Structure formats: C-alpha cells, structure tokens
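> If you want the building blocks of each chain, they are given just below.
Protein chains: 2
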Amino acid sequence: MAKNITSKESNFSQWYLDVIKAAQLADYAPVRGCMVVRPNGYGIWENIQAVFDRAFKETGHVNAYFPLLIPNSFMEREAEHVEGFAPECAVVTHAGGEKLEEPYVIRPTSETVIGHMYSQWVQSWRDLPILINQWCSVVRWEKRPRLFLRTSEFLWQEGHTAHSTREEAFAETFQMLDVYQRIMQEELALPVLYGEKSENERFPGADNTYSCEAMMGDKKALQAGTSHFLGQNFARAFNISFQNKNGEMDFAWTTSWGVSTRLIGALIMTHADNDGLVLPPRIAPVKVVIIPISKDERKIKDELEPLAENIMRQLNSALNGLYAQVDKQYHMRPADRFFYHLQRGVPVRIELGEGEYDARKFTVVRRDTSEKERISVEAIADRVKTLLKDIQDNLYYKARTFRDDNTHDVLSLGELKEFFAKDSSKGGFARAYFSGSSDDERDIKDITGGATIRCMPVDDDTRGPCIYTGHPDARRVIFAKAY
Amino acid sequence: MAKNITSKESNFSQWYLDVIKAAQLADYAPVRGCMVVRPNGYGIWENIQAVFDRAFKETGHVNAYFPLLIPNSFMEREAEHVEGFAPECAVVTHAGGEKLEEPYVIRPTSETVIGHMYSQWVQSWRDLPILINQWCSVVRWEKRPRLFLRTSEFLWQEGHTAHSTREEAFAETFQMLDVYQRIMQEELALPVLYGEKSENERFPGADNTYSCEAMMGDKKALQAGTSHFLGQNFARAFNISFQNKNGEMDFAWTTSWGVSTRLIGALIMTHADNDGLVLPPRIAPVKVVIIPISKDERKIKDELEPLAENIMRQLNSALNGLYAQVDKQYHMRPADRFFYHLQRGVPVRIELGEGEYDARKFTVVRRDTSEKERISVEAIADRVKTLLKDIQDNLYYKARTFRDDNTHDVLSLGELKEFFAKDSSKGGFARAYFSGSSDDERDIKDITGGATIRCMPVDDDTRGPCIYTGHPDARRVIFAKAY
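Here the protein sequences line up with chains Z and V, keeping their order.
If you want my numbering, it's the position in the first sequence, counting the first as 1, plus 100.
If you want my numbering, it's the position in the second sequence, counting the first as 1, plus 100.
If you're looking for bench data, these hints aren't it; they were derived computationally from the structure.
Take these hints with a grain of salt, some might be off.
The list cannot tell twin chains apart, which means a pair is met if one copy fits it or any two copies do.
[Unchecked claim] Computed cross-link-like contacts, EDC-like style, restricted to lysine to aspartate or glutamate with a CA-CA straight-line distance of at most 20 Å:
#	residue 1	residue 2
1	K526	D396
2	K108	D458
3	K157	E409
4	K121	E405
5	K345	E286
6	K526	E286
7	K395	D505
8	K108	D559
9	K428	E202
10	K199	E242
11	K428	D227
12	K243	E198
13	K498	D127
14	K319	E158
15	K461	D523
16	K243	E287
17	K199	E183
18	K581	D546
19	K121	E478
Being a predicted model, the structure only gives us computed values, none of them experimental.
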C-alpha cells in the first residue's frame with residue numbers, strides 16, 4: 101500500500117484527495133474554491149471531451165461559443181432561474197477602468213444569453229431545430245469546494261437546442277440522456293442509472309430534469325450528467341418565436357444538457373484503489389509504459405532503449421495513437437519508477453530488464469489486478485491490445501457488481517431509516533416506491549440524515565405502495581446520499 | 101457580385117463585416133464588445149485548434165487549465181505587466197452574494213497565476229522544463245470592438261514554459277515562432293513575416309517579443325501570433341526558483357506565446373472576395389458540397405440523392421474525415437443553393453443535375469477561381485483531392501504575390517511619408533533601415549499618419565543608414581499601418 105495515500109477504508113475523503121495529489125491531477129488555485137487542472141488531469145479531460153464530442157457530432161450537433169459575461173437583467177427574466185443561480189454568481193462591476201452601468205455575471209450556465217441569440221436567429225420553422233453545443237468553463241461560487249466535484253469554476257459542455265415541437269424537444273432530451281449513459285458505460289467504465297429528477301432536484305427553469313447517477317466507492321451517489329426539458333419557459337422569456345408550417349407564430353421548445361470535469365471525480369471514486377489512480381484504458385492518456393532497467397548505461401543506450409522504443413512504435417501503431425511511452429527516469433530506483441506510473445493509473449506496465457532483453461520476453465503487469473505475465477516480442481502488440489480490453493471490461497464489471505451489491509429494495513420508512521443509519525451494514529442505493537410531495541421528500545432527508553431521491557429510473561415502470569404516504573400506485577425511485 | 105456584400109474596393113471595413121454576416125461566422129453579443137462565434141466560425145476555429153495543438157504536442161507540450169480569475173495583487177507584482185493590462189481588465193467585486201475582500205480580475209493573460217503555480221511545482225532542475233499550453237478565453241475591455249480582430253473577450257491558446265537556462269528559454273521562444281510561421285503558411289495559407297518587435301510594441305513584462313505579421317487585403321498589417329522571451333521577470337515576481345545541477349538556487353527563465361480567434365479575421369481579410377468567404381481547404385470544415393438538382397421529387401429520392409451520398413462517402417473516405425456534404429435544400433432555387441455554399445467559402449462544389457446523372461459526369465466548380473470542369477464518377481475522388489491541394493496552393497501563392505507586390509524598399513523619411521500618404525499609389529509594407537529610439541518611432545507614426553514598426557525580420561541581417569537618424573549601421577525593419 102502506498103505511503104502517500106490514506107486508505108480508502110479508513111478515510112474515504114482523505115483517500116480521494118491523496119489519490120489526486122499522488123497522480124498530480126489537480127491543485128487548489130490561489131482563488132477561493134477554484135482549481136488548477138494539471139496536465140495529467142487535463143489529459144483525461146481531453147479524452148473525455150473527444151468521446152463526447154464525437155457522439156454529439158454523430159447526432160447532428162455543432163459547436164459554437166457564447167460570451168462569458170451575461171447581463172444581470174437576462175438572469176432575471178426567468179423567475180426560477182434567477183432564484184436558483186443568483187446566490188452563486190460572480191459579478192463584474194467594473195471594466196476598462198470604469199464602473200459598468202449594468203453589472204454582468206460570469207455565466208453559471210448559458211440558457212439566458214443563448215436564448216437571446218436564438219431569438220435573433222429563428223424566424224421560421226425552417227430555422228429549426230438548432231442543435232448547438234459549447235465547451236467552456238462556468239462559475240458557481242462554492243462554499244465547500246472539493247476538487248473536481250464542487251469547484252467555484254469548472255470545465256464542462258452545455259448543449260442547447262431549440263425545436264418546433266414539444267415531441268421533438270422531448271426526443272432530444274432523451275437522446276442526449278442516452279448518449280451520456282452509453283459513453284459513461286462504454287468509454288469511462290461507469291455504470292449509471294438514468295431517470296427523472298424529483299421537483300426538489302430539478303434545474304431552475306426546467307419542466308423536467310433527467311440525470312445519470314453513478315455509485316461511488318463509499319456507496320454515495322454522484323450525479324454524472326443531466327439533460328433538461330425546458331418546455332417553452334426560456335423561449336417565452338427570450339422570445340424565441342417562429343412562424344410554423346401553418347403560418348402561425350409559436351414559441352420554440354428548448355433543451356439543455358451537460359457533463360463536466362466532475363466526471364474525473366467519478367472516475368477516481370469508482371476505479372482508484374489504495375495505491376492510487378486506476379484509469380479505464382479507453383480514456384487513459386498513457387495506456388502503456390515501457391520501463392528499461394539496467395545499471396549499465398551502455399546497455400541502456402545500445403540495447404534496452406532501442407528495443408523499448410521499437411516496442412513503443414509497434415504499440416502506437418497497433419493502438420492507432422501516441423498511447424505508449426518509454427520511461428527514462430534512470431535516476432530513480434526501478435521500484436519507484438513502477439510506483440510512479442502505478443499512482444498515475446497507467447493501465448499496463450512493461451518491464452524490460454537485462455534478463456528480459458536476453459530472453460526477448462517482457463514482464464507485463466496490468467494495473468487493475470497486478471497480474472504479471474511474460475510475453476514475447478512477437479506477441480506483445482496483440483497481447484497488450486487484448487489486455488487493455490480486458491482491463492476496460494473488468495473495471496466496468498467490478499463497478500457494476502459493487503453497485504448492484506449495494507442496491508436494495510426498501511419497503512417501509514422504518515427500513516429506509518435503518519438502511520441509511522450510521523451503523524448500518526447496508527447503505528448505498530435504496531429502491532423504494534414513493535409518491536410523496538417535495539415536503540415529504542425533505543422530511544425523508546431529515547429522517548435519514550441526508551438521503552434524497554437521486555432519480556426515478558425511466559426504464560422501471562413497476563408500481564407499489566408509497567413508503568411515506570401509503571398511496572398504492574407509487575413510482576419506483578432511488579434514494580441515496582449524494583455528492 | 102453578391103448583393104448582400106459591399107465591394108472590397110469601395111469599403112473594405114464594410115466588406116469585412118458583410119462577409120462575416122453572409123457566412124454566419126459571428127455576431128456581436130448583447131455584452132459590450134463581445135462576440136458570439138457561430139457554428140460556421142467555430143468550425144474553422146476547431147480546425148485551427150487541431151493543427152496548432154498537434155504541432156504543440158509534437159514539440160513536447162501538454163495542455164492544462166488555470167483559473168479564469170486572478171487576484172488583483174498578482175497583477176501588481178510585475179510593474180510593467182500591471183501598467184499594460186490594468187486599464188483593460190474586467191473586475192469581479194462580488195461573488196456568492198457577498199462583497200469580496202480582494203477583487204479578482206478576469207484573466208487578460210495568465211503569466212501571473214501560472215507563475216504562482218509554477219513556483220509551487222518547481223524545486224529542482226529535474227522539475228524543468230515545464231512545457232504547458234492552455235486553450236481558453238481571455239477578457240481585455242475594448243473601446244473599438246471589431247469582430248475577430250478586437251473583441252472584449254476572445255478565444256486563444258497561451259503557452260507558458262519555464263526553463264533552467266536562458267539559452268533553452270530563447271530556443272523555445274524561437275521554436276514556437278517557427279511553429280506559428282509554419283502552420284500559418286502550410287495550413288492557413290497565410291504568408292507571414294516574422295521578427296522581433298520594437299520596444300513600443302513589446303508585451304508588458306517581456307524582455308523580447310517576436311511576432312508573425314501578415315498583410316491583409318487593404319495592405320494593412322495584422323499581428324497574427326506572438327512569442328515572448330520573458331527573461332527572469334516573472335520568475336522573480338512569483339519566485340519560480342530551483343536548485344540547479346551545482347546545488348545553487350536560481351530563478352527559472354520563462355516564455356509565453358499565443359494565437360487567437362484573430363486568425364479567423366486574418367483568413368477573411370486575406371482570402372475572401374466580393375462574393376464572400378474563401379477558405380483554404382486544409383482548415384475548411386466543409387471541403388466539398390454535392391448539390392442534387394431536379395424538379396422531379398422521385399428522381400431526387402431514387403436517383404440523384406443516392407448517387408450524391410455515394411460520392412459523399414467516397415470523398416469522405418478519400419479525404420479521411422467527414423468533409424463532404426450533400427445539400428438537400430430543395431425548397432431553394434439552384435442558383436441560391438450554389439450561392440449559399442459559395443458565401444460560406446466551401447472550396448469545391450459538385451453539381452448533380454439530371455443531365456449529369458445520365459452522363460455520369462458531374463460539374464465540379466472550384467471556389468477560388470470559379471473554374472468549372474466535368475468529371476466522371478470514377479475519377480471524382482482523385483480529382484477532388486488534387487483540386488483541394490491546388491486551391492490551397494493557389495490561395496497561398498496569391499496572398500504571397502499580393503504581399504510581395506506591396507512590399508517596397510524605402511530609403512528616406514520623405515519617401516516613407518509619401519509611401520503612406522492617403523493619395524499614395526503604394527502603401528503596404530515599407531522595408532527600411534532604422535535605429536532610432538522609441539520616441540523617434542512615435543514621431544514616424546505621427547508623420548506617416550499611423551505607420552509603426554511591425555517587426556525586425558530575424559532572417560534579415562543586412563545593415564544600412566537609418567532613415568531617421570542617419571546612423572550608418574541600422575537594422576532593417578518593416579513599417580506598416582496595422583490592425
């Protein structure tokens with residue numbers, strides 16, 4: 101076990117921060133609640149961006165860029181929206197050496213300013229749908245910051261679409277929820293439940309909010325992505341109106357959806373272990389590291405390093421990208437070099453010592469299970485490809501098993517209270533029938549010491565008696581404590 | 101000539117704005133001096149990002165993200181830096197519903213906050229060099245905004261590196277200047293001169309600034325990218341110190357370098373014509389458009405569209421990306437559909453009418469010269485590839501010829517005055533020997549009605565008598581009026 105990392109079991113919060121520090125993923129910035137995403141962390145974000153961006157484009161979306169600053173008056177046009185976001189806003193009052201006539205807020209999200217622009221771009225049904233996404237940072241002032249999970253500034257994407265019919269906007273909302281779920285599962289190895297949010301957890305200004313919910317290593321839920329059906333609320337507030345096919349004026353139907361650098365937090369709290377980061381191969385910036393080892397400088401330069409670089413080129417060609425690296429930190433002890441990459445979550449390590457060189461067989465170690473095997477030069481590219489796939493599958497399988505093992509049906513309020521009690525052997529996701537009000541949900545939060553409805557799974561249409569009201573025809577929901 | 105575009109010759113400024121509007125590249129935002137980069141413009145920016153990002157990574161750089169907000173006190177630590185940037189800063193005074201103890205500025209550039217972080221990451225020479233780049237937006241309040249050229253917020257990349265020796269930092273400064281020059285030439289078809297800036301035009305806080313300078317269609321210069329040698333100025337201000345190989349403490353040597361969405365302005369003012377945008381194929385988001393034309397709906401669905409989509413797939417495969425599109429705007433007249441893509445700068449248009457379908461030969465039109473030819477189905481992929489290369493080369497050649505035709509040697513102050521006079525038949529780049537002071541340069545600016553030293557070309561070591569002081573051993577510089 102790593103000396104620089106507190107164990108997961110003894111202190112999950114400290115373990116999380118230690119993993120981030122050991123892998124050099126991020127630091128707190130000299131600005132309250134903000135973070136610096138260091139190259140190791142940003143490399144993961146670039147890969148996350150790439151897989152989502154490709155999926156957005158495949159579903160017909162294009163990228164654009166809207167201004168960072170939003171006139172304060174825009175926020176006020178949608179009553180729920182300003183109530184939800186105003187307390188978190190950072191406000192610009194001076195610029196260019198002068199006091200501004202009207203203050204600007206730094207975007208906490210861009211529905212308002214994008215709504216304003218759409219109103220200028222849309223006249224006829226032919227101008228719809230608009231399917232735009234934006235990659236940027238947003239600012240929401242945080243009182244209790246936590247790297248990647250809650251920071252006053254974070255990186256994200258926000259999709260904003262406008263449609264001529266309610267049905268089309270609803271279909272878009274679900275399509276993007278589905279894209280999120282699929283990418284999280286296939287690329288990030290994160291099993292997620294997806295469903296509708298209760299009124300308490302709805303996006304300010306939305307008619308409905310849907311989310312992907314993942315279970316972290318401490319059995320708490322993390323909201324990993326959201327997709328909002330905004331109805332005509334923002335279209336009315338910003339006058340996104342158009343002439344429909346019948347020549348009548350109508351308001352557009354809009355959606356918005358987003359994922360953020362929070363996903364890096366989800367990756368850590370799902371896959372990392374007491375030695376440090378563990379990355380799913382599909383989004384790991386470095387997938388394989390090759391480590392030449394010898395005390396003989398001549399042998400390193402003349403024999404080991406050329407072979408290591410040869411293997412690196414073979415792997416990069418087989419993996420179709422610059423994913424393999426040769427470690428040349430010869431001033432460090434071999435064990436420290438192994439540990440260096442292990443703590444950074446590199447999925448596969450190849451050790452190339454003098455013995456390995458002479459035998460033309462390498463020691464190959466996988467990060468997730470620590471299993472070692474010896475592979476010949478000829479077989480290495482194929483074997484590493486298979487290993488990477490195995491590791492990806494294994495991480496997903498382990499995470500899903502963990503989640504399923506910690507998901508239980510709960511049939512009464514008493515059981516629910518017990519489920520979330522501090523000394524409970526359970527905890528995790530409680531599946532229960534519920535049809536209570538927002539106040540009832542808040543009461544449950546008090547009773548359980550913090551559990552809320554994470555979502556009402558959309559693919560679960562079973563019904564039963566509400567654990568709170570006893571109403572016989574309640575929907576099934578997931579209760580959990582959440583980040 | 102396009103009715104919605106003022107001619108270049110009659111009003112260059114209005115022409116520029118008309119081209120942007122016709123191609124839907126950008127709009128002014130509802131925030132003073134800020135812009136919205138619309139999908140057509142952002143697609144160009146994504147391609148510009150891709151070619152530069154690849155070159156940065158090939159030269160060993162990695163990406164990271166630093167906070168948007170910078171404590172005001174950080175700006176004040178470097179005297180020249182604060183003097184240069186403070187008047188342009190946007191200031192956050194309130195956040196989270198409270199007045200801040202210390203105001204933050206929105207980054208106008210990130211040397212200060214990055215310097216602060218580097219001071220924490222660097223202890224020994226082994227921690228150097230640090231080679232980091234950041235893609236983000238910055239805010240510099242503009243009194244006279246102009247889309248892409250001068251906006252209060254713009255998108256850019258800022259590279260920030262730290263080195264253990266002066267020589268290495270200088271080599272980095274020149275390496276990045278060279279990368280800029282090469283990418284602008286090869287990918288953006290922009291011929292650029294590169295050289296050192298005079299003291300008047302130096303980055304606030306730099307020891308030396310180098311730039312790439314391009315000539316626009318109105319013969320004015322545009323600074324297209326800059327690379328700064330920062331000496332130890334920021335390292336001293338932020339205490340980026342390290343133990344060198346001899347065990348002594350030393351300050352690091354730093355550089356910074358950037359290009360921005362201004363490059364889109366450069367593309368327009370270099371390549372566009374009186375019909376609208378013309379894009380170099382290598383950075384055009386859509387490189388080929390195929391336009392099926394018939395009044396017979398059945399023929400379109402059963403014959404023309406399937407063939408068009410077949411050609412599209414062939415082209416995408418040959419071009420190795422999703423670069424070809426089929427136009428399905430059948431509600432528009434053919435001429436309007438041609439014009440639609442022409443104004444957006446699509447390099448190659450393929451017309452597929454009933455005659456073309458029957459003959460299995462298409463009319464292929466290139467955007468830059470309007471030349472038409474008929475190409476058979478079998479030959480189309482190869483021919484389009486060649487055409488795209490020809491267009492790219494032709495755009496570069498035309499731009500270089502224009503620049504060279506408008507670059508002249510000027511041997512005296514009188515000649516220089518005449519060169520830049522309003523009724524001059526010349527104008528453009530004036531190559532002259534100059535060794536005067538900053539005040540002398542300002543005097544020349546007054547005399548010529550605005551011409552300044554754009555750069556002192558680094559590959560020009562000829563010497564001659566200064567046009568201002570008469571000093572016999574002056575360096576050669578380029579004078580021009582500039583954006």
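> Against this structure, judge whether each hint is valid.
Hint check:
For the homomeric pair K526 and D396, neither the shortest alpha-carbon distance inside one copy (55 Å) nor that between copies (68 Å) is at most 20 Å. Taking the shortest Cα distances, K108 and D458 never come within 20 Å of each other, neither inside one copy (41 Å) nor across copies (71 Å). For the identical chains of this complex, K157 and E409 are inter-copy neighbours only, at 18 Å across copies versus 36 Å inside a copy, given an alpha-carbon limit of 20 Å. Taking the closest pair of Cα atoms, K121 and E405 never come within 20 Å of each other, the shortest separation being 30 Å inside a single copy and 56 Å across copies.
For the identical chains of this complex, K345 and E286 are neighbours neither inside a copy (40 Å) nor across copies (47 Å), given an alpha-carbon limit of 20 Å. In this homomeric assembly, K526 and E286 never come within 20 Å of each other (Cα to Cα): the closest approach is 28 Å inside a single copy and 62 Å across copies. In this assembly of identical chains, K395 and D505 lie within 20 Å of each other by CA distance neither inside one copy nor across copies; the values are 48 Å within and 62 Å between. In this assembly of identical chains, the alpha carbons of K108 and D559 never lie at most 20 Å apart, being 33 Å within a copy and 59 Å across copies at closest.
When the C-alpha separation of K428 and E202 is checked against a cutoff of 20 Å, the pair qualifies neither within a copy, at 56 Å, nor between copies, at 45 Å. For the homomeric pair K199 and E242, the shortest alpha-carbon distance between copies (15 Å) is at most 20 Å, but the shortest distance inside one copy (26 Å) is not. Taking the closest pair of Cα atoms, K428 and D227 come within 20 Å of each other only across two copies (14 Å); inside a single copy the shortest separation is 56 Å, beyond that limit. When the C-alpha separation of K243 and E198 is checked against a cutoff of 20 Å, the pair qualifies only between copies, where the shortest distance is 12 Å, while the shortest distance within a copy is 29 Å.
Taking the closest pair of Cα atoms, K498 and D127 never come within 20 Å of each other, the shortest separation being 29 Å inside a single copy and 49 Å across copies. Neither within a single protomer nor between protomers do K319 and E158 lie at most 20 Å apart by alpha-carbon distance, with minima of 34 Å and 42 Å respectively. With identical chains, the CA atoms of K461 and D523 are never at most 20 Å apart, being 51 Å at best within one copy and 78 Å at best between copies. In the homo-oligomer, the alpha carbons of K243 and E287 never lie at most 20 Å apart, since the shortest distance is 32 Å inside one protomer and 46 Å across protomers.
In this assembly of identical chains, the alpha carbons of K199 and E183 lie at most 20 Å apart only when taken from different copies (19 Å versus 25 Å within one copy). For the identical chains of this complex, K581 and D546 are intra-copy neighbours only, at 11 Å inside a copy versus 69 Å across copies, given an alpha-carbon limit of 20 Å. Taking CA atoms no more than 20 Å apart as the test, K121 paired with E478 passes in neither setting, with 38 Å inside one copy and 58 Å between copies.
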